[in-house]
Amino acid sequence: MALTAGAATAGCLDGVLGKEETDAELESEPDEDAITVWHAMGGDNGETMAQLGDQFHEETGIDVEMVYQGSYEDTLNQSFAAIEAGTMPEVVQIDSLHAKQILDTDAFQSVEGILPDDYPVADFLDPVTDFFTVDGELHSLPFNNSNAILYYNKDVFAEAGLDPESPPETLAEVTEYSREIVDSGAAEYGITWPNHVWFIEHWYSLAGQTLVDNENGWADDPTTVHTETAVGERLWSWWRDMAQDDLYTNPGMEAWGEATDLFYGQNVGMLLTSTASVAGAIAQSEEQGFELGTGFYPAIDGREGVVIGGASLWVPEDMSDQRAEEVGQFLEFMSQPENQITWHKETGYYPVRGEAVDQLEEDGWFEESPHHGTAFDQLLASEQTTATKRMLVGPARQVAVQLQEGSVEIFEERTDLEDGLATMKGGIEAEMERYVEARGS
Amino acid sequence: MASIELTDLTKRFDDVTAVDGIDLEARDGEFLVVVGPSGCGKSTTLRCIAGLESPTAGTVRIGDEDVTAQEPHERDIAMVFQNYALYPHMTAERNMTFGMRSATDFSSAEIDRRVAQAAATLGIDDLLDRKPSALSGGEQQRVALGRAIVRDPAVFLMDEPLSNLDAKLRVQMRTELSRLHEELGTTTVYVTHDQTEAMTLGDRVVVMNDGRIQQVDTPQELYDYPSNRFVAEFIGDPAMNMLEVTLEAGSSDPIVRHEAFTIEVPNAPETEALDGGRAVLGFRPEDASIADRGTSPTGSVPDRRRTGRGDSERTTGPIEATVQVTEPLGDTLLCYCRAGDDEFKVQTAPRTGRAAGDAVTLTLDADRLHLFDLETGEAIYHSDTDRERRAATPEP
Amino acid sequence: MGTRDTREIYGGSLGVGRFLRERGLRGTIAYLREHGVRGAVENAREDGRSLLGELRGISVAYLLLAPTLLVSAVFLYYPALEALELSFHQTLFFGGERTWVGLGNYETLLSSSAYHESVAITIAFAATVVVGVMTISLIVSFLLYEVDWGQSGYLIAAIWPYALPPAVAGIVFLFLIHPSIGTLTAVIEGATGLEVDWFSNGRQAFFVVAIAAIWKQLGYNVIFTVAALNNVPATLKEAAELDGIGRWSRLVRIYVPLISPTLLFLVVMNTIYAFFGTFAFIDLMTQGGPGGATNIMIFDLYRNAFEFNNHGLASAQSVVLFAVVSVLMYVQLRFSDERVHYGA
Amino acid sequence: MSRHSNTNANANASTSANASTGGESRRFPIDLERGLPALDGATLRAHAGLLLAVSLMALPLVIAALISFGTRATFTSVSELSLETAAQNYHDVLFRYDMGQYMLNSLLMSVIVVIGKLAVSLLAALAIVYYRFPFKNAVFGVVLLTLMLPVPVRIVPLFQLAADLGWANSFAALTIPYLASATTVFLLRQHFLSIPASLVESAKLDGVGPLRFLAFVLIPMSKGMIAGVSVIMFIYSWNQYLWPLLIVDDQSMQVAQVGIRLLQGVVESGDIAWPLMMAGSIVTLVPPLAVLIIFRKPLLETFGVE
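Residue numbers (the UniProt record's numbering), protein chains in the order written: chain V, 1 to 441; chain R, 1 to 396; chain H, 1 to 344; chain E, 1 to 306.
Isolated chain V (complex conformation) (with noise of 0.2 Å):
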């Protein structure tokens, strides 16, 4: 590394400047036909994506280049700035939660428009075909699906006294198994989850109580979320409870990581997170010698149904038919069954076309890994109601990170349940009054 400065700059004073452009134009510019695909699936899901870009390839001979740009927040910033200066992908990946700005943007066009004529879009899995249908039309690809599921350890359990087959399903049951945990010294703490909105959405959309109002934001721009209900307040005091006990332990502000940590190290007996870590849970409980078990989501009492997770397909408005057909044939691909399954099997995301369904059925895959299966079942189990359906929300980060730091402070009991609570409303009013102020129109 030759720095010395001095006789570089020495010797070439005059053309420094210069040197800069031609290094500019050396860079290689993005290989122009081919589909770029930005997407947040990081580890081993990159790997499974690129895989299937190269497939792809080897089928159609249209090149595919998969980008993969940090989590599905950096994505979105990414996809924000790359619609100012005009440098948008062929296809972006966007978390559901983010829908409702990718809409507002009226920068995408809706994925039906460019899919083959024949394409069998009543094959989507209903909850799902439910989700990204937006007036009517089939708006984003639907392709990496989840919800989240109880991953606990039987031999904890076993220590405990608990039963290993059969998992809590209510809170209440959660509380007891818990405290038979810590007092069992099995594990340090009872369970952890990423302090994460998505698992807020879940205890609501299980207890049939939709987040936000005008049908959970999918009849009009929301207005005020549902803190202050029933459902709201034994969640919240339940967590409260759970905490101040020391049968819960916060792994940390959306600690996706550190809450899987937590569960492999064995020092808590039970995890909340979604499905798509199901493939790395089998191997890290082989590796650190525990016995994995997985069930349905533990539920405030009644079990409406799951709230879909995960992200879609967008398609940008701007580009040439041609190139429009060719992403159509792309995203056929995507959500061929085959490739559904593969998929699946390689990250645990559920299948979200009928056809895959049966195909695994036969193959009996729900027996030989009935982890993988969990998720899905409980995807079966769901209705189809408003509460059930992920709220559509414009200032959806706002939203999340008010009700994030808002059970912070319920939980470390420095406010009490009713300001907790109320601050929560207060403050994503006012988030949800400036995004439609901002908006205009």
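Simulated from the structure, these hints should not be mistaken for lab results. For every residue, glycine included, the Cβ atom is placed at its ideal position computed from N, Cα and C. Do not rely on the hints blindly, as some may be mistaken.
[Unchecked claim] Straight-line C-alpha distance at most 27 Å; calculated DSSO-like pairs for lysine-lysine:
id	chain 1	residue 1	chain 2	residue 2
1	R	K131	R	K168
2	E	K223	R	K131
3	V	K154	V	K425
4	V	K100	V	K154
5	V	K345	V	K154
6	V	K100	V	K389
7	E	K297	E	K223
8	E	K136	H	K237
9	E	K297	R	K131
[Unchecked claim] A few chain H residues that face chain E, going by a derived Cβ cut-off under 10 Å, partial list only:
id	residue
10	Y62
11	S72
12	V74
13	F88
14	I123
15	I136
16	F142
17	P166
18	V196
19	A280
Since chain V is already given, all that's left is putting chains R, H and E on it; use the hints.
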């Protein structure tokens, strides 16, 4: 070679006037020394000649060309700095030639020839490939001189080049500079604050103070006929004594009265005008001598130091004084004497056993007296009448 | 800059400075109206120098400065002004969608108690970081300077955090003292008997992040402090030892005054670091929490811009932040004028 | 509550040192006759204080390195760490997650920024120190004020400007906005002011032009400062995160810092990549640390700020 002429040269920095409208001429081939206390404008004058400072008013002419608006390197001058200004990362040879190689179209053969010649003149052939940090102060100064000589300029400008050297080396370099000037004959303007250097080096010496020229003259003229009190006290070490006196017309010669003594002052026509006026009597310590207790004041006095003047030994006095302090300087003894309220210095032969407290009688060399105006300090009288006769003889 | 620097020998000043000083602004304008610019320039410049020569010199000076000024203008000042303009809008989607709201954003800031808290916390945080960094780096550098051997080994170990990217520093610290899975957590709890719980305890979070920020900035300070100490003439050290002055009084009474220009430079740089450079620690370790205890202004600004896509409000916050730091900088420079001893 | 155990340790060192100020004699560290390093009280305490401070500062790096040898972030015993897992982690980070490519991009970006910034700042410092021109102090003030305009304050308009210039995903966007540097100009100016005025005067007398004077006199005489300032600029541009994150979305152009963020994204998706994160962090630390160690001497000799 070229002469230098400054007409009404002025230089103001915001509120300070460094050079106040001076007119000065350095003759072709002359070694002109500009001397004065720090802050008297001598360096600024030199920098105006060099072009490093642009004068606020007035013109600078080198040879017969007005260079006031010219860039320094267009003026065919070379300058030697007090801290040598050698590039620490270049060898002596590269230091001497960097300027010429980068700004002139001399062929490198020509440059090498000049370097060899200059190195021979200065005796620094074996130092050429050494870096300044590996040279002594004297050697560095010679390299700086070499850099000036290589340019073979019309004028040398030297800004106190010797003041960073130790005393012994300074004396040695002085003789070398004189020898160099003899050999090259380049017009040189040399700035210093050391009046001994000025007297020994200068063909002529310019005494400056507060941005103005006090006097321009040959060293001996300055010494013998200072045009004002400042020059009188600045030139000569130890400085001339200054005593406030009053003048009175005497019977034959006018009388100078001091509170402690009165002496006659020979043939001073100008003094009549100042009859009864107050003035300042000036005489150099070596022009006063201590008469022995026994002999009469007007007789010749054995221990008076001869000043190489053969003609008539007129003295005047007597002055009664007491010795306060004595300073043995080896070749002479300096006695600080007090008469009345005033103190003055007297230089006598060494080993005469004079001590503090002795009461002595002094006589002054009547041909070496000076009177200065009390307010303006201008010289109004020099007792030596030789000046006209000597001025007539051609310059050495 | 004190007496006129004799180094300035290229170019010329057209006597503009002197002209203005002599006549004052109104006099100059009157003169200009009367003689016109050409006449003024003709008169103002120092005689003896060709007008053309000076103009050429001045243009060369501005040419040399052109790249710096151009890049500053285009990529620093223009965007800053744009940010100011943006601060009068409500925005969505990276500024794509913007509606004029005038001082709306500023009103929200003025009225929001959370923001007032944030400003207070930021100033407390900056003070803690600056004081912490300066004291510890001064002590470490002085010990380094005092020790006669093994200096370069200690030196490398003391300045390496400076090379560490802030984001990495944040992640590493997160794992060192994470309340539940931190590597050092058990050790600290054992040693100090404190319960490491900075996910929920606001004061603890504040100090944990402050310690991380101080730790990261030590390297930068040690470099400059040791360099300044090396420039202090060795004779002073010997003289002080002869007088039997103790190590720490020698530091405070002799060295600190002598290297005060460097310390002033470091105070300014550390303040800028504390206000603008510590965002990564907050983003990775506490996300401004718990309960806003570590929600310093730059983090709140970043979150408004990049998480809530509210660039209008974020721009308003950047204007306020700029104002706060400028005031602090001015106070620091004014306060230090008498204390700093130049020309050691 | 002692904010930082490190200060505590030094406080003890200082109190005891004061106590025995009396007969503190400084002896030559290696006592030739006895052959042992003759450490008197004060030096011993100095070393103790230094060792403690330095070890506390190095601790985070040591632990990060250890984690990168394991498979999980929390390791209970060293046994869980192993060399081949480390090799696996570092290999994954460099190749599977393209950190190698990101580091090459960062290196190219940093070298261009250093050379560009140095050239631009040298010219500016030359003008500010050796030229007299109207409004000089104002211009210097304008350059210094850029210190107060860090990237986050002007990120959105800067992005739009770069987008309008068509610079998205280009090295121009990654380097040119960084070319103006207040710190570099300030440090170079301080250094030029320490060079005796007579040197530039004698250059002028020889008719040496300002650029030749810069190239053949100023730069050779400021090698130490230039090396030192280059280290600071290299580390500054190597650690840039927010601007590259936004202006570059083509990952083949991405820089190391954003690579870390991408690794973090991997962790957030539930995958246990913490050791990978640590490996990535250690890997991105190597170049700036190497530069810092290689150039520590010039850094320390020339950085006196008068």
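Now the hints, each set against the structure:
1. K131/R / K168/R: holds, 24 Å
2. K223/E / K131/R: Distance ~17 Å between K223/E and K131/R Cα, so the pair holds.
3. K154/V / K425/V: Cα-Cα ~39 Å, so violated.
4. K100/V / K154/V: violated, 40 Å
5. K345/V / K154/V: Between K345/V and K154/V the Cα gap is close to 23 Å, so the pair holds against 27 Å.
6. K100/V / K389/V: holds, 13 Å
7. K297/E / K223/E: holds, 12 Å
8. K136/E / K237/H: violated, 39 Å
9. K297/E / K131/R: Given that 27 Å is the threshold and the Cα spacing comes to 23 Å, the pair holds.
10. Y62: This hint holds: Y62/H lies near chain E, its Cβ roughly 7 Å from the closest one there, short of 10 Å.
11. S72: Status holds, d = 4 Å.
12. V74: Hint holds; V74/H Cβ to chain E Cβ min 7 Å, cut 10 Å.
13. F88: For F88/H, the interface hint is violated, since the closest Cβ of chain E sits about 13 Å away, which is over 10 Å.
14. I123: Violated. Min distance 16 Å.
15. I136: holds, 6 Å
16. F142: holds, 9 Å
17. P166: holds, 6 Å
18. V196: Interface hint status for V196/H: violated (13 Å vs cutoff 10 Å).
19. A280: holds, 7 Å
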